[in-house]
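Q: So the protein sequences, as listed, match chains C and V. To convert, count from 1 in the first sequence and add 34; that's the numbering used here. To convert, count from 1 in the second sequence and add 4; that's the numbering used here.
Treat the hints with care, as some may be off.
As the list claims (entries may be wrong) - Have a look at the derived ranges for each label pair, beta carbon to beta carbon: (1) V:K107 with C:R86: 51 to 57 angstroms; (2) C:R86 with V:K191: 35 to 41 angstroms; (3) V:N60 with C:L78: 40 to 46 angstroms; (4) C:V41 with V:E176: 30 to 36 angstroms; (5) C:Y42 with V:M381: 47 to 53 angstroms; (6) C:V41 with V:D382: 52 to 58 angstroms.
Derived from the structure by calculation, the hints contain no laboratory data. Because the structure is a prediction, the values reported are computed rather than measured. We put the CB at the ideal spot given by N, CA and C, even for glycine.
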Amino acid sequence: MKEKKPVYICRCQEVTREEILEAIADGARTIKGVKNRTHATMGLCQGRTCRRLIEKMLAEVTDIKELKPGTRPPVRTLKIEEVIKGEDS
Amino acid sequence: MKKTSEIVIIGGGVIGTSIAYYLTKRGKEVVLIEKNDLASGASGACDQDIILQSKNPGIHLQLAMKSAEIYKTLEAELEHPIEYENTGGMILIETQEELEIMKDFVKRQQQIGLEVEILDLKQARKLQPGLSHHLVGSTYSPQDAHVNSIELTLGFAKAARKQGAGIMLHTEVVGIKQRNGRIQGVKTSRGDIDCEIVINCAGAWAPKIAEMIGLTIPIKPRRGQIIVTEEVAPYVMGDVLSARYIVAKYNPDILKNSSDPGIKLGVGLSLSQTQKGNILIGATREFVGYNTDVTRTGLKEILKNATRLVPGLKGMNIIRMFAGLRPYTPDGLPIIGPVEGIEGFFVAAGHEGDGIALSPVTGKIVSDLIVDGKTFMDVSRLALERFTKNNPKA
Ligand SMILES: Cc1cc2nc3c(=O)[nH]c(=O)nc-3n(C[C@H](O)[C@H](O)[C@H](O)COP(=O)(O)OP(=O)(O)OC[C@H]3O[C@@H](n4cnc5c(N)ncnc54)[C@H](O)[C@@H]3O)c2cc1C
Ligand code: FES
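The whole structure should be built from the sequences, with the hints applied where relevant.
A: Right under this line is the structure:
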């Protein structure tokens, strides 16, 4: 059966399941690899919603041996002013 | 998997993929081998600047100018959106001393044909309203540009593949075969490939590849940390560097004895805004081996430096931080060309902080050297032998 309605994996960036599968077929084996090819995880929520789903797809579709830790949790949103105040005030 | 290929390229960064594109364009048989993914090294962890005016007037600027010319039509040629944009750019000047150095720098660049000038603070603030009032002025060149380095790498790879290149990802080169001073092939984690030519495009890892055939290459990884802000309305015009960055790049001794933590980390401003609106704030220049962690001191020093020059950044939020490894060489120039004594072994690595800007011209030069034995300019000064022989020119 063909998927008629697109299934969105990354809602913020409107990236479909199909597009993620294409990225994996193209050689993506990490979240970063998928992100580079589709821009998934780069939306407003910074992947909080979609990262898990993509990891699951990567694990299903690829040889486990090829999977490498590739994610770095996003920095908590920080005001620049707060960072530079820090210790030396 | 292919068992033979005329040429094997090691490294799927912007340099390896560019060379794969230009070689297949000239009808060569090529396999590119990358141990992780495309753009998983420096080419996926860097800024987006194609800066001409930061280059030393001489061969470096000449290379950059040729690259800039190629960039104008590259997006159409690759049929891939690389987000190239001719934005212009400036280098911020903070002191009279820097102003004198930059005046001389600019004059020599103008003589080579670069469009660049010195602006006073008022003119500079007209272009870049966020600048601090303590600045003396800036340089300005309309020729600077931006490109998305990840899209560029993917675009070169896609176009190369269309022209027949084999691209093997998640495959590591573990050895190089030679006989009687002649390349025979490479050993990989997925079997051997016989070939006549090997091109070492492994960036900061190029010395490890060279070791496999007993060669020493004086490239070292130089970490750069970058901070990313949330998406904001257009705020930064073009590429922004600081003159201190240029001074640090070409005269590292001037800063050597400082105890300032920011200077010790080699922090120099690089500022630009992506098409989506995120501002990239950089960067450190550190020798910490192959470590790509981001650090708390890096975060703080980069932001202190940036807000001193552009105070308006203070109110913005940061969302991310990353680090990449620039392939550093002792004289700041890349190593490009065949290696004497091992027939069929080429190096194209060591572009340090300019690999994105110089990738098109590097691909062109290497493909010319392999196909025609010569190229459009004298590149003998870029040979590895400048470090190994008593070469008065180096
Ligand atoms: C913070 C920062 C900011 C920068 N900003 C800019 C900028 O604004 N403009 C600019 O022009 N340049 C910039 N640069 C420099 C630029 O990123 C580099 O010069 C360029 O990416 C180098 O490309 P490369 O292909 O040589 O190396 P890389 O992209 O590092 O590619 C080398 C590849 O070789 C692979 N490899 C290594 N060993 C093996 C093996 N044994 N087998 C198979 N594959 C292997 C690696 O996995 C890697 O993918 C910046 C760099 C940094 C770190
Ligand atoms: S759902 Fe993918 S970034 Fe938010």
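Q: Against the structure shown, which of the earlier numbered hints fail to hold, in ascending order?
A: No numbers; nothing is violated.
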